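**Student:** Residues per chain, in single letters:
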Amino acid sequence: MNFEGYETEGFFDELIDNQGQARDSAKLLIDAIDSLPEGELRNRQDASERAMRNMGITFNVYGSGEGTERTIPFDIVPRIIDGGEWDVVEAGLKQRIKAVNRFIDDIYHDRKIITDGVVPEWLFSSSKGYLPQCQGLNPPKGVWAHVTGTDLVRDENGTFFVLEDNLRVPSGVSYVLLNRTLMKRNFPEVFHKSRVRRVVDYPDQFMKMLHHVAPDGVERPTVAVLTPGVYNAAYFEHAFLAQQMGALLVEGHDLVYDGKYICARTVEGLVRIDVIYRRINDEFLDPDVFREDSYLGCTGMMKAFREGTVTLANAPGTGVADDKVVYAFVPDMIKYYLGEDPLLPNVPTHLCCEAEALEYTLDNLDKLVVKPASESGGYGMLIGTKSTRKERNAFAKELRADPRNYISQPTLSLSRAPVVVDGHFEGRHLDLRPFILHRGDDSYVLPGGLTRVALKKGSLMVNSSQGGGTKDTWVVDRTATKEDVSCS
Amino acid sequence: MLLSRVADNIYWMSRYIERASNLARFLEVSYQLNLDQSSLDDEQWAPLIEITGDMKLFTARYGEMTRDNAMHFLMFNPEYANSIARCLSTARSIAKGMRETLSDDMFWEINALGRLVPDVTKEKAQFHKRVLDLCREVKRGAMLIEAMASETIERGQGYHFWRVARYLERADKTSRLLHVKYFHLLPHLDTVGTPIDDLQWSALLESMDAKETYIRTRGLITPDNVIDMIVFDRGHPRAILFCLEAALDSLCRITRDESAKPRTILVKLCSDLDEMTPQGVIEKGMNEFIDELQLSINEVNNAIYGHFISPKAITVGA
Chain A
79 MNFEGYETEG
89 FFDELIDNQG
99 QARDSAKLLI
109 DAIDSLPEGE
119 LRNRQDASER
129 AMRNMGITFN
139 VYGSGEGTER
149 TIPFDIVPRI
159 IDGGEWDVVE
169 AGLKQRIKAV
179 NRFIDDIYHD
189 RKIITDGVVP
199 EWLFSSSKGY
209 LPQCQGLNPP
219 KGVWAHVTGT
229 DLVRDENGTF
239 FVLEDNLRVP
249 SGVSYVLLNR
259 TLMKRNFPEV
269 FHKSRVRRVV
279 DYPDQFMKML
289 HHVAPDGVER
299 PTVAVLTPGV
309 YNAAYFEHAF
319 LAQQMGALLV
329 EGHDLVYDGK
339 YICARTVEGL
349 VRIDVIYRRI
359 NDEFLDPDVF
369 REDSYLGCTG
379 MMKAFREGTV
389 TLANAPGTGV
399 ADDKVVYAFV
409 PDMIKYYLGE
419 DPLLPNVPTH
429 LCCEAEALEY
439 TLDNLDKLVV
449 KPASESGGYG
459 MLIGTKSTRK
469 ERNAFAKELR
479 ADPRNYISQP
489 TLSLSRAPVV
499 VDGHFEGRHL
509 DLRPFILHRG
519 DDSYVLPGGL
529 TRVALKKGSL
539 MVNSSQGGGT
549 KDTWVVDRTA
559 TKEDVSCS
Chain B
10 MLLSRVADNI
20 YWMSRYIERA
30 SNLARFLEVS
40 YQLNLDQSSL
50 DDEQWAPLIE
60 ITGDMKLFTA
70 RYGEMTRDNA
80 MHFLMFNPEY
90 ANSIARCLST
100 ARSIAKGMRE
110 TLSDDMFWEI
120 NALGRLVPDV
130 TKEKAQFHKR
140 VLDLCREVKR
150 GAMLIEAMAS
160 ETIERGQGYH
170 FWRVARYLER
180 ADKTSRLLHV
190 KYFHLLPHLD
200 TVGTPIDDLQ
210 WSALLESMDA
220 KETYIRTRGL
230 ITPDNVIDMI
240 VFDRGHPRAI
250 LFCLEAALDS
260 LCRITRDESA
270 KPRTILVKLC
280 SDLDEMTPQG
290 VIEKGMNEFI
300 DELQLSINEV
310 NNAIYGHFIS
320 PKAITVGA
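Same order as they appear, the protein sequences are chains A and B.
Each residue of the first sequence is one higher than the one before, counting from 79 in the numbering used here.
Each residue of the second sequence is one higher than the one before, counting from 10 in the numbering used here.
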């Protein structure tokens with residue numbers, strides 16, 4: 079299998095330039111693939127998929143009953159990003175997360191950004207993620223969003239844009255680490271020569287960050303990962319992170335509030351938990367405060383959090399900034415809080431709550447992408463260019479009924495990369511979700527992140543729930559030189 | 010630090026794997042034994058079902074005691090909670106819910122073993138083709154997992170819960186095996202000492218990998234010597250006393266509290282057993298001996314649950 083006859087079809091391709099040549103950063107890899115014996119790439123792809131199943135890297139499909147386990151499709155050709163380009167992205171992400179954390183803290187305190195007229199009052203008051211219970215709170219080190227997965231896309235010129243910030247419970251990082259393990263096995267030599275930036279220490283970085291934000295006076299915090307349980311689609315990731323970080327993996331019924339602390343029920347009795355990386359949404363955290371019917375959290379959780387005896391990551395209320403309308407204001411936040419120009423641009427966004435923008439959106443439904451403000455996973459959106467008149471008419475009704483809940487954006491010509499399809503390569507659209515760990519004074523950005531790829535030809539939907547797969551993402555610091563003989 | 014929920018999971022995962030491997034041992038040996046019978050009528054499958062304690066379930070589901078039915082029940086039946094297939098898949102589901110506490114190697118092996126037994130309900134021809142191989146694979150898989158636990162898991166509370174569960178399950182199964190041999194294979198005293206009797210004792214020893222050790226250390230097969238070996242021999246890893254003392258050893262590492270109920274019961278059980286002899290067992294009556302033993306093992310199980318997993322003291326009234 080080789081790249082002869084591979085067409086970029088006018089899209090920006092991550093590995094191949096518009097002349098059909100391998101990009102400098104991808105040359106070593108492309109040469110290696112070209113020189114593999116016939117069928118070898120296929121073999122390695124099969125072996126990788128088998129390994130994923132044997133390792134139990136599966137997710138449960140919602141609503142399909144017990145025993146339905148799927149693996150997320152994995153494509154063996156990595157996506158490659160040049161180290162120099164990545165440095166800019168990394169700086170842009172750090173800047174963004176710093177500003178967003180300042181914004182959340184501001185919203186739950188004096189709301190200076192509103193008094194100063196930079197963002198409108200309704201921005202938070204109408205946000206589903208805003209929690210009045212968090213007003214005036216000071217989480218340790220001032221951090222609200224400890225872990226963020228920011229989705230990036232590239233357009234036809236290769237420019238990176240921020241598509242959205244996932245500030246609640248972003249998932250996918252376990253696939254980054256596991257894809258990397260598989261790829262090291264598949265292409266050890268190219269990997270070594272390319273000087274790929276490492277991702278293996280993510281769990282250590284994560285644990286250090288969690289220790290850093292422990293409640294005051296706790297020297298050696300006990301850290302737990304709170305999971306909804308084994309039937310959750312992302313359970314594998316929760317277990318994986320707990321194992322890799324050396325944290326306890328707890329479910330709501332393992333926890334109990336003893337009047338001061340959140341404790342775990344252990345064989346030796348109750349043991350205090352200091353830091354909880356929670357993978358359940360705000361509304362399930364505490365049945366006393368939020369949803370009464372929640373068995374996923376623990377009564378007393380919010381009390382302990384408010385009194386500062388337990389740190390929750392991410393902090394409750396962080397969702398106020400995980401909203402596609404708030405997203406549109408992030409560049410303004412960066413200027414306002416940091417006095418800097420944004421390093422990473424947003425996708426141009428129309429807020430449908432503004433009369434003019436609503437009219438524009440309704441007039442151009444066939445050209446735009448329209449998204450609900452507070453959904454994730456690609457649910458409830460309209461891709462105008464792929465829609466029928468009937469779908470657009472139905473969508474227009476919903477849009478008019480609740481304009482605050484929608485934004486619209488131009489349809490980007492998303493970048494592509496080659497994937498293996500029936501014994502040859504074809505270009506498929508993809509995005510990138512880097513993970514950012516914020517500890518207040520500094521942030522760590524996982525080099526690369528999760529590349530999600532739409533496996534259906536022509537599709538723009540990269541979500542695993544919508545038929546997407548993943549690729550390993552290499553940030554490389556060395557490009558091919560003449561001395562490099564082809565290697566595999 | 011070990012969560013009570015996780016301790017409970019470890020406990021049951023360990024028991025299910027041990028249960029599957031014991032059943033595989035019994036099934037393999039019975040199968041071999043029955044192959045040596047001169048006619049189909051002489052085949053003995055009922056004792057094997059008796060060991061599980063689920064004869065009623067069997068009769069309700071299958072009616073007739075045939076080789077196919079017995080094999081399906083014990084190895085393949087996906088609905089019977091104690092079939093080898095179900096024990097292994099249950100162990101696998103439990104493992105999935107606590108994989109953060111297992112080493113990767115262990116998890117992968119349990120994951121693979123949980124999918125080993127195929128659903129061949131509709132193809133009876135498959136039973137014979139597969140059953141011996143499957144028995145061997147289940148045994149080997151369980152031993153491999155055991156070795157991995159031994160080589161990769163730190164000697165913390167989790168490890169010792171795993172070990173307690175395994176040895177209590179094994180002690181229970183060994184006692185059932187003995188029980189069945191004594192009462193179902195031996196209805197008439199006049200078969201004692203016949204070739205059939207010898208064959209049965211030796212099959213029993215074989216299912217515990219004890220045959221060769223037995224003839225090397227004790228010579229000819231006699232009931233009291235067999236009882237000596239599989240009940241009292243501290244040097245044999247499937248003997249009841251060995252299992253109970255091993256379980257006690259781990260229990261003492263889980264809690265230092267000497268007055269903890271599970272400990273006091275198990276200490277008493279071990280010392281009672283230690284004072285008995287094979288002759289004493291035979292005089293007391295095998296039936297009574299085994300009934301008491303199984304009751305005590307159950308008591309230990311309940312005490313472990315009450316003390317570590319769901320202690321009333323843990324409900325907080327703050």
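It is possible that part of the hints are untrue.
[What the hints assert, rightly or not] Just the calculated beta-carbon pair ranges, DEER-fashion: (1) B:D113 <-> A:P151: 48 to 54 Å; (2) A:E437 <-> B:D113: 30 to 36 Å; (3) B:Q135 <-> A:D336: 53 to 59 Å; (4) A:G324 <-> B:D283: 17 to 23 Å; (5) B:S112 <-> A:R276: 19 to 25 Å; (6) B:Q46 <-> A:Y309: 46 to 52 Å; (7) B:N311 <-> A:R384: 38 to 44 Å; (8) A:P151 <-> B:E163: 32 to 38 Å; (9) A:G417 <-> B:S112: 30 to 36 Å; (10) B:G62 <-> A:H502: 56 to 62 Å; (11) B:D45 <-> A:R148: 31 to 37 Å; (12) A:D419 <-> B:S319: 44 to 50 Å; (13) B:D128 <-> A:H502: 36 to 42 Å.
[To be verified] Chain B is faced by these chain A residues, among others (derived, beta-carbon under 10 Å): (14) N132; (15) K286; (16) L326; (17) V328.
It is worth saying that the hints were derived from the structure and are not from the lab.
Owing to the predicted nature of the structure, the values given are computational and were not obtained by experimental measurement.
Note that the Cβ used here is the ideal one computed from N, Cα and C, for glycine as well.
**Student:** For every hint, state whether the structure bears it out.
**Tutor:** We went through each hint and held it up to the structure:
| no. | hint | result |
| --- | --- | --- |
| 1 | B:D113 <-> A:P151: 48 to 54 Å | violated (22 Å) |
| 2 | A:E437 <-> B:D113: 30 to 36 Å | violated (57 Å) |
| 3 | B:Q135 <-> A:D336: 53 to 59 Å | holds (56 Å) |
| 4 | A:G324 <-> B:D283: 17 to 23 Å | violated (41 Å) |
| 5 | B:S112 <-> A:R276: 19 to 25 Å | holds (23 Å) |
| 6 | B:Q46 <-> A:Y309: 46 to 52 Å | holds (48 Å) |
| 7 | B:N311 <-> A:R384: 38 to 44 Å | holds (41 Å) |
| 8 | A:P151 <-> B:E163: 32 to 38 Å | holds (36 Å) |
| 9 | A:G417 <-> B:S112: 30 to 36 Å | violated (50 Å) |
| 10 | B:G62 <-> A:H502: 56 to 62 Å | holds (59 Å) |
| 11 | B:D45 <-> A:R148: 31 to 37 Å | violated (47 Å) |
| 12 | A:D419 <-> B:S319: 44 to 50 Å | violated (59 Å) |
| 13 | B:D128 <-> A:H502: 36 to 42 Å | holds (37 Å) |
| 14 | N132 | holds (6 Å) |
| 15 | K286 | violated (19 Å) |
| 16 | L326 | holds (7 Å) |
| 17 | V328 | holds (7 Å) |
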